[in-house]
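Asks: In order, the protein sequences belong to chains X and B. With my numbering, letter number 194 in the first sequence gets 194, and the count goes up by one each step, no holes. With my numbering, letter number 145 in the second sequence gets 145, and the count goes up by one each step, no holes.
None of these hints come from the bench; they were simulated from the model. Computed from a prediction, not measured in an experiment: that's the story for all the values here. Every residue, glycine too, gets a C-beta built ideally from N, C-alpha and C. Some hints here could point you the wrong way.
The calculated lysine-lysine pairs, modelled on BS3-like cross-linking and capped at a C-alpha distance of 30 Å, are [to be verified]:
(1) Lys162/X - Lys188/X
(2) Lys167/X - Lys294/X
(3) Lys305/B - Lys95/X
(4) Lys448/X - Lys58/B
(5) Lys380/X - Lys347/X
(6) Lys448/X - Lys305/B
(7) Lys162/X - Lys213/X
(8) Lys213/X - Lys294/X
(9) Lys188/X - Lys167/X
Sample of chain X residues at the chain B side, in silico, Cβ under 7 Å [as the list claims (entries may be wrong)]:
(10) Ser34
(11) Ile113
(12) Asn201
(13) Pro400
(14) Asn403
(15) Thr414
(16) Gln441
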Amino acid sequence: MKRMSTALAVAAVAATMLSGCGDSSGGATSAKASCTNEIVEADAPQVTVWAWYPAFEQVVDLYNETHSDVQVCWTNAGQGNDEYTKFSTAIEAGKGAPDVIMLESEVITSFAIREALVDLTEFGADEVEGDYTEGAWRDVSSGSAVYAIPVDGGPMGMLYRKDIFEKYDVAVPTTWAEFADAARQLKKAGFPGTIADFPTNGRAFVQALFAQKGASPYEYDLQTPQDVTIGLADDGSKEVLEYWDELAQEGVVATDEAFTPDYNTKLVDGTYAAYLAAAWGPGYLNGLSGADAKAEWRAAPLPQWDASDPVQVNWGGSAFAVTSQASDQELSAQVATEIFGTMDAWKIGIEEGALFPLWRPVLESDYYRDLEYPFFGGQKINADVFLDAAAGYEGFTFSPFQNFSYDKLTEQLTAVNQGETDPATALDDLQDQVVSYAQEQGFTVTEK
Amino acid sequence: MSSRTASPPSVAEAPGPSVLTRRRQRTGWLFIAPFALVFTTFLVVPLGYAFWLSLHTKSLAFGTRFSGLENYTKAFTDPAFLEGVRRVLAFALVMVPLQLGIALVVALVLDSLTTRLAAVSRLLVFVPYAVPAVIGAMMWGFLYSPDFGPFTQLSELLGLPAPDLLDHGSIFSSLVNIVTWQWVGYYMVIIYSALQGIDQEIYEAAQLDGANGLQTALRVKVPMIASTMVLITVFSLIGTLQFFNEPTILQAVAPGAITPDYTPNMYAYAQAFSYSAFNYASAISFSLGLVTFLGSYVFLFLTRKRNGLS
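Just chain X, with the same shape it has in the complex:
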């Protein structure tokens, strides 16, 4: 017994250390090994694709049926961060990445700086530039390089419950001043919920709201990868945060954390009267359970700070990039460009997946503009809201350490929420944290 306990204790100590490196040893499996979809042309070369679009399987099938020279081998490697974790590991391992990968625009720079993505200009990406809006193209480019082909976008609007606003006799706001009034009126009229939620972990959502008031926190160009400009504590962001903090303190907006099961339920059960959303929001709502059967949803433009000078912002959206591990980069670039490059593919994406297309032939078509959405009582939400929002979007530059920056933003917003700090100090502290992180990573930082 004596000896055994020694052995066990030693083994246990050793096990501690094992767990330390267990983290780095978990690897991605070979992407070539299996496809989720069926390959139609067995002899054609295959291009592996990671993506999590809803209804993507049908898009892949359509592509494979209409191409005899190349076949797509698709895997859903997880949504957002789950996929990025696998990709990140594959980059570090030097193998295991797919040929083509779906990335949200906010992480493109973070992967490009690790030399994980191929500059698509040498494969003719500039030839299709005209097929996309300027803002969308700027989101996937850095200087003259293009790191991905845009797929879907997230121009922002406000989805609201017509029935709730009518029941309490409150006008649907078009400016933020009206929004604050509406929030107070709803409470005063006895609405048990709140007008909307301002989540501490809103990340890209919060960033977009800051951007609407002029925040442009980063300047970065991969041609000069060591220089970065950081300005997270600008007056616009501070004003936006103060605005929301005041409403939260009054209790007329919620500060529930986003993307939890509780939050998802509240989105659709009538706890929030409005959902400040991106164009993919309706698809997200549709997939949630526990919905209020009497709900009457409508879409309106995102409230503005200055009604005479509207600013459009974007939340999310994604693109197809070609990884530097791709065995045939040219063929992969072709797949990345073509897969969502037909009207038929987009009909699936729009009608089954509720995606917002960035491909202009469909974006500017009558079909898309006049599409009626049963979820919104037949409202033509694209014509009413999202097409204008997308057209006005000018693009946004993300940092090459966006994940860190977002994590710190969440920490600061939580502290504001807890009353531990005030909005202005929180953003000043955020600026300091991100600047010192960037310097630690070897960047030459310019503060603005």
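Given chain X, work out where chain B should sit, using these hints.
Replies: Just chain B now, kept in the frame of chain X:
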């Protein structure tokens, strides 16, 4: 070293080990081989690789360079890492005595029962350990939910304000509860089997001396299983310092209360996979290993009279 006595005297003068000894050694290696292979592949090599990583630095803007112990200096001056260590030590201070205390009481009670109820209870106490940690944590995540959790409904029924078990103030105790629920059964079984190993004659002697049940439990049983208690305390301590699964799962439902640097292991994970700092993550892991090693060593040193290791 039984091999020496086994060697026949006739070959004792021969230089080096005897044929028989050599053959025995070869057979021994053969038996060890499967384990040695797995041990080397999945422990020694990754450990070595991680250590090598920790001595280098690869920053986003520059390439990889040898940086010696720089990552370690950084870790031990990094407020996020130190705060994480402080937090897991606080967890250890609360969780270890709590788990072991409950496990000990349950084991002692079950040991003195001889009815069928004892066997059933033993199984029931053990069941949570059989639930995979991830599933257990997810289940608790739902139970804690401020909207559809039973605790909210219960307090509504009593007319009390609903507790938010996932906010800043209560996440610590919520996590303690999950881990305790999960591990008490496991420690109980270990203590119970140690109790079963005690010679019944000792109890008879105690009884003859006039000891009642409580006295037997506290003065006879507990001292006799002291080395087991020390062992599972070390297990529990190590497990707590490596805290990862439960807070990581709960992060999905409490992203504000549980930050990516909540525990050192989570911090290492975030550094590696969210911020692509694999080198620094390795250094954090080794630093945590060091803290754990020191913690376990100090504990074993302090209890050297009882642990049977000295």
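Asks: What's the verdict on Lys167/X and Lys294/X, does the C-alpha distance respect the 30 Å limit or exceed it?
Replies: holds, 12 Å
Asks: Under 7 Å is the threshold here; is the Cβ of Asn201/X close enough to any Cβ of chain B for the hint to stand?
Replies: holds, 4 Å
Asks: For the pair supplied as a hint, Lys305/B and Lys95/X, confirm whether the alpha-carbon distance does not exceed 30 Å.
Replies: Distance of about 53 Å is beyond 30 Å: violated.
Asks: How about Ser34/X: closest beta carbon in chain B under 7 Å, or not?
Replies: For Ser34/X, the interface hint is violated, since the closest Cβ of chain B sits about 24 Å away, which is over 7 Å.
Asks: Holds or violated: Gln441/X as interface residue toward chain B, Cβ cutoff 7 Å?
Replies: Nearest chain B Cβ about 4 Å off; hint holds.
Asks: Is it true that the CA of Lys380/X sits at most 30 Å from the CA of Lys347/X?
Replies: Holds, at about 16 Å.
Asks: Does Lys448/X pair with Lys305/B here, judged by a C-alpha cut-off of 30 Å?
Replies: Given pair Lys448/X, Lys305/B is violated - Cα atoms ~63 Å apart, limit 30 Å.
Asks: May I ask you to test the interface hint for Thr414/X with respect to chain B, counting a Cβ-Cβ separation under 7 Å as satisfied?
Replies: holds, 4 Å
Asks: Check the hint pairing Lys448/X with Lys58/B against an upper bound of 30 Å on the C-alpha distance.
Replies: The hint holds at about 27 Å.
Asks: Against the 30 Å threshold, does the CA-CA distance of Lys162/X and Lys213/X hold or violate the hint?
Replies: Given that 30 Å is the threshold and the Cα spacing comes to 27 Å, the pair holds.
Asks: Check whether the Cα positions of Lys162/X and Lys188/X lie no farther apart than 30 Å.
Replies: Roughly 18 Å separates the two Cα atoms, so the pair holds.
Asks: Given Pro400/X was flagged as interface, is its beta-carbon under 7 Å from a beta-carbon of chain B?
Replies: holds, 6 Å
Violation of the numbered hints given earlier is confined to hints 3, 6, 8, 10; the remaining hints are satisfied by the structure.
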